[in-house]
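Asks: Sequence lines, in order, name chains R and S.
Number 493 in my numbering belongs to position 493 of the first sequence; there are no gaps in the numbering.
In my numbering, each residue's number is its place in the second sequence (first place is 1) plus 988.
By construction, these hints were calculated from the structure, which means they are not laboratory data.
On a predicted model such as this, the values are computed, not experimentally measured, just so you know.
There could be a bad hint or two in this list.
Unchecked claim - What follows is a set of in silico ranges between Cβ atoms, one per label pair, in the way DEER data are often shown: (1) S:K1080 with R:L303: 36 to 42 Å; (2) S:K1080 with R:N268: 48 to 54 Å; (3) R:K705 with S:K1080: 54 to 60 Å; (4) S:K1195 with R:K206: 54 to 60 Å; (5) R:L850 with S:E1037: 55 to 61 Å; (6) R:K206 with S:W1285: 42 to 48 Å; (7) S:D1167 with R:E527: 30 to 36 Å; (8) S:A1308 with R:A829: 47 to 53 Å; (9) S:N1406 with R:E235: 31 to 37 Å; (10) R:R33 with S:K1080: 48 to 54 Å; (11) R:E430 with S:K1080: 30 to 36 Å; (12) S:N1406 with R:M239: 28 to 34 Å; (13) S:N1406 with R:I754: 53 to 59 Å.
Every residue, glycine too, gets a C-beta built ideally from N, C-alpha and C.
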Amino acid sequence: MKTYRVGIDIGSTTIKVVVLDEQDTIVHKSYERHMSSISESLKRMFETLRDKFGDQKMHFNFTGSAGLSLAKNIGAQFTQEVISATSALRFHVTDIDVCIELGGEDAKIIFFDGANVEQRMNGTCAGGTGAFIDQMASLLDTDAAGVNELAKNYEKIHDIASRCGVFAKTDIQPLLNQGARKEDIAASIFQAIVNQTVAGLSQGRKIKGRVAFLGGPLTFASELRKRFIEYLKLENVFMPENGEVFVAFGAALEAKEVRLSIADVIENIKNYRKRHKAGMRKTIEPLFKDDADYQTFKERHNLSQVKTGDLASYEGNAYLGIDAGSTTTKMVLISEDNELLYSFYAHNRGNPVALVRKALLAFYEKLPEKVILKKAFSTGYGEELIKHAFHLDGSEVETICHYNAAKHFNDRVSFVIDIGGQDMKCFKVENGVITSIVLNEACSSGCGSFIETFSESLGYEIADFAELAVKARAPVDLGSRCTVFMNSSVKQAQSEAAKTEDISAGLAVSVVKNALYKVIRAHDVTEEYGDQILVQGGTFNNDAVLRAFERETGVNVTRPSIAGLMGAYGAALLAKEAARPHNHSTMLSSHALNTFTYSAKGAVCNKCENKCPLTVNIFGDGKKYISGNRCEKGAGIKISYDELPNLYLYKYDKLMQYQPDPEKTYQKTVGLPLVLNMYENLPFWQPFFDALGLKTIYSERSTKKLYETGQDSIPSDTICYPAKLVHGHIESLVKRNPDFIFYPNMPYNILEKIYADNHYNCPVVAHYPEVIEANMTHVDLSDYKQPYLTFNDKKKFVETVYRMIKSYCKTSKKNIAQAYDIGMESFKAFRKDVQQEGERALQYALDHDLNTLVLAGRPYHIDPEVNHGIPKLIRSLNVVLISEDAISHLAEQETVAVLNQWTYHTRLYDTAKVIAGLSPRVNLVQLVSFGCGLDAITADEVKDVLEANNKLYTQIKIDEISNLGAVNIRLRSLLSTMNKEAKTYGEA
Amino acid sequence: MAKLEYDANGRLLFTEEMRQEYTILVPQMAPYHFEYLVTAMQTEGLNAELLRTTDYALINEGMKYSHNDICIPAMLVIGQFIDAIKKKGIDKHKVALIITQTGGGCRASNYIKLLRKALRKAKLEFVPVISLNANGLEKNPGFKLTPRLLHKLHDAIVLGDLMMNLINQTRPYEKKPGDVQTLKAAIDIRLQSYFNHNSLFTWGRLKKEIAEILARFQALDLTTESKPKVGVVGEIYVKYSPLGNNHLEQTLEDEGVEVVTPPIYDFFLYSFDSRAHDIKRYGGPKKEYWILKLLVWYVEIRREKIRKAMRAAGFQAPIAYKKLKSLIKGVIDVGTHTGEGWLLTAEMIDLIQHGAPNIVCTQPFGCLPNHIAGKGMFKKIKSLYPESNIVAIDYDTSASRINQLNRINLMVSNAFRNMKERS
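Next up, chain R with everything else stripped away, as it sits in the complex (with noise of 0.2 Å):
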């Protein structure tokens, strides 16, 4: 009797079968969504199989993330996926070089040498290729295939972060909201794709020769293949015939162990699922004990109304907010007295402009004539663009617009939490003044919009999808790092059978988790915030995510009946507050919108190195419309700044001042990579190598570019931005062709402080000459020298060096202890001149009666590739800025809670205690690269400096990411606000 082989593939997302007969050939094939019930689809499935092939005894074999613990449990045969790839490959062709495989959750590349196989799977932060696919295309209101179908039409790529998918939406989100084209969104999320898949794998193994395609969306998206194919110069590609259940096929190859009947199966699957249920998983309390706990929870919260107006019989004044959000636009009008008129709601599906063209066409036709629109004002993401596009009388920055809308719900409010799609915000309010405002950081980004692409994915409403959390006996414990950690622990809750009840109250559970611990950072909320909380943003209209957080603070707080609106509601109160007696609003007539045109195209603003991909918006006027600039020169506006004192420029022009003497003639060349701390020693590296007859060398600027040469060889995906860099730099230093190049592993930096209780580097900063050494080895590393040097000890430092460079150049232990003098005393001068330049510019604000921020990073910090811009932004925005080591000799801050025991973290808390002495009008800013886990315990403690002096503590996190958008908004919150204290701190 003949046995059939049967391979089934759970994969995240999907479950594909292969049956093969004895000959390998396929008699069956299936390929379905497992629509997150896995047990549901088998049993389907499985009644499938026996009805083509009755009731008989099969070799079956699982595979895939999803199949492991289920085959276990029933006994069955399992084989790993990637190895089940391999067999499959194997059996169609002898001669591939690399496979890449993409699935929903996990990205695989194989490397085929000889009988050498090498099998890598991305790291746990770059989870989620199709899973990310599926969210973008939600993005933009389309699915997976409609987004191949856009990227077909491209004219440009955006740089669009690919470590992962919470970064790359953070990157296209705002693209959307300022007008890009969807094709051209389309292709650059591919491209995406292709950067992290390269960068988080290939690890210093070239992709070339013939290369596999497989997996759903290599399948499936013809786009996808092309930028792989494109990016990667590829000639030879290989796509198998049945590329959608290939890895099932290779398990039925491999399906050998246990014969099993298919009645048996399911009766095992079907005792599984109930095993299952009696626990293993994590799973939480459940959100309300029973049906009577959710009423009385209902009751009380339908007390927060707000006071509505019939907009049909109202005459008088109105004003109106436009809050054009990351995912949604929404829109109020208000009466004199601030009755809420009308309302309007919506997803902006990717069209922020056509979307409140509509919405302000349909809000034409019920106005009635006896009503006067005094003012417009725009507020969120689009705020610019918006009031532009639409004529609008002003705008506000969101975090204000939320504030005016909060205090007016609640004057005693103390704290205020906003959680919408994309963003988080929370201020605390003292005496009617914003005294703290913390965004999230591009880590629990899109918590809101996650939790409502995750319901439609499963065919719900989020309304229906909430409702069921409300529910839930046994919630499952999510976990509360980002989106990507969340997707990844629902796969694999579902393959256990969780139920859709307990996800969805999980998911709640999370976003709440999410933004008490990782983004407030409060243990005890009511004591650090006061007991008057009020939430909004659209994501508190879920009951869930309402319940979760007064479960978690333990504390009852108040729900606005227009959660969802308050954006708008407090742009409409401030654009009451413009309003003067005889204007009345410019806002585009219905009239001028029925004929209102707009279109977007791409450009590049050629105007400094920082070369930022623009988006010009022309409307229909002729009016231009120009975003996606960092400063004011991309927007074509001619001020000039130079005057306004900016440490990050000034010490980036410094710097690249330390060069060569033309005129001079140097017995050899000596490459020096313009990285991490070199931007700091700089200043000793270059004269101490000239008093040594060498020439030095740079390599070039840091650009998105130089990064992507050097994304290959990068072992470790999770690293800082900053490290991922060097890789670059080397790439462009070997091309320079140096007669050496020099790049010192450095453990210990100079202690500034006596008071620290030690001067480390971080281990990154201090090692990785070891991590290209030992990683680059493609390009000729035979003259790299990457010795292990301290400043701190003349005669070890003259011996090291000695050591290093004789083989180089003709020189004397005592030569080299001569240059080691002048390049100290080199380095001495220019961080005295920075600390001068610091103290000039504290005076010069002073003078000037301007605002000033100092931004607290690392000397790396100043590569306008790694702080994309920023201070230029800052400049733009007439605000002095200042470095933290240009002020941090200012003071002596002797006690840290934590072990002082990193000079560059040394500046940090000595700067933060300088702030602390200054006034309003001064304040800091931290810049943290993604990564950077020594941040974690310097954040808290800059944090603790300053609120123990009453003052504001924001941080910016950066990585690959470039666009401004969330950055722009935080730092006019902030300025925002220290005006507005600054004038309190006057008048008192």
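Please build the complex by placing chain S on the supplied structure of chain R, with the hints as guidance.
Replies: Leaving out everything else, chain S in the frame of chain R:
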């Protein structure tokens, strides 16, 4: 009730009075070793108690009272402490905490400070924290590292390493499941009385004890099947703590392999040695250099005798520290010693050379030293040892277990295939 006393910097001290009244809570960082460490402390008049909690609540406490981006070891240790203190039945005013403090450029040096911060936030600032370190940091009148306590701690680590090695080498092959566990329980009871002595020079007794342990393990009834060996390396906490690494040892044994975990003692020697290295390379007090070198030398003499005994009894013994250090020549410099530094690379090479080319490299999500000496060295190791089969696993309170299992499964599948191909 004991009076709260502070030092000049405002640090709450653990006083003599507290020693008599308080319970010292010890976090579970390495199950094989910490059991004995606690026993050793108990026999020296310290009322120590090992925290065995693994329930989920502690993760929540850790998240609440530490920065969310801090690495999982800090979060779990802080969580375990606060969870324990908050438990019903504990007198909050009669507990103290103890935590190891390593020093060096890694953020782990900061754990004790972060723990104090967390206690302040949790309004438990009256709970004293004792630093356990060999560098003389943070002295406490009620907790003194007497020569006898030091010797006992040394014995505890040595015995912990020995038991871990022996159990790893026998449990996967037991004919009657549970035999090894029963044996361990019996030995643990013996060791209770072993630690209960008052002499300072204990080598004779330790030697006898080790001979007995080896004899008992030799007497186990084992199968002769061969299983692939899988090494576990990485950041010190997630490498040894089942709470940190989602019960990695058990997971691997369930997959049908033999686990090889390098001894914890090498990490301590490496820490001393690294300090000595820096003095030599970058300058510093000569005297300290020689003391450190002497210490390493002394411990190694004793350990060598034990390794010899292990080999004589037919077990695989770990290699000498000096040899371990020599393995990294041409791969990574001994100056790389932030966190686990070169030791991590050395252990991987050692494992590959000694029959365990299959390796799980564990690290907390976002661990900086691991970028360098762990993931950063994979490529070089792979080119030197093509048979190596290494998987890096990130541990985080939010990471899904299924992702970890799937990657471990891939590595184990390859381990089985490679073993089959070679035989």
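Asks: All hints are to be evaluated individually against the structure, with a verdict given for each.
Replies: Verification of the hints:
no.: 1; hint: S:K1080 with R:L303: 36 to 42 Å; in the structure: holds, 39 Å
no.: 2; hint: S:K1080 with R:N268: 48 to 54 Å; in the structure: holds, 50 Å
no.: 3; hint: R:K705 with S:K1080: 54 to 60 Å; in the structure: holds, 58 Å
no.: 4; hint: S:K1195 with R:K206: 54 to 60 Å; in the structure: holds, 56 Å
no.: 5; hint: R:L850 with S:E1037: 55 to 61 Å; in the structure: holds, 59 Å
no.: 6; hint: R:K206 with S:W1285: 42 to 48 Å; in the structure: holds, 47 Å
no.: 7; hint: S:D1167 with R:E527: 30 to 36 Å; in the structure: violated, 54 Å
no.: 8; hint: S:A1308 with R:A829: 47 to 53 Å; in the structure: holds, 50 Å
no.: 9; hint: S:N1406 with R:E235: 31 to 37 Å; in the structure: holds, 32 Å
no.: 10; hint: R:R33 with S:K1080: 48 to 54 Å; in the structure: holds, 52 Å
no.: 11; hint: R:E430 with S:K1080: 30 to 36 Å; in the structure: holds, 32 Å
no.: 12; hint: S:N1406 with R:M239: 28 to 34 Å; in the structure: holds, 30 Å
no.: 13; hint: S:N1406 with R:I754: 53 to 59 Å; in the structure: holds, 56 Å
The structure does not agree with numbered hint 7 stated previously, though it agrees with all others.
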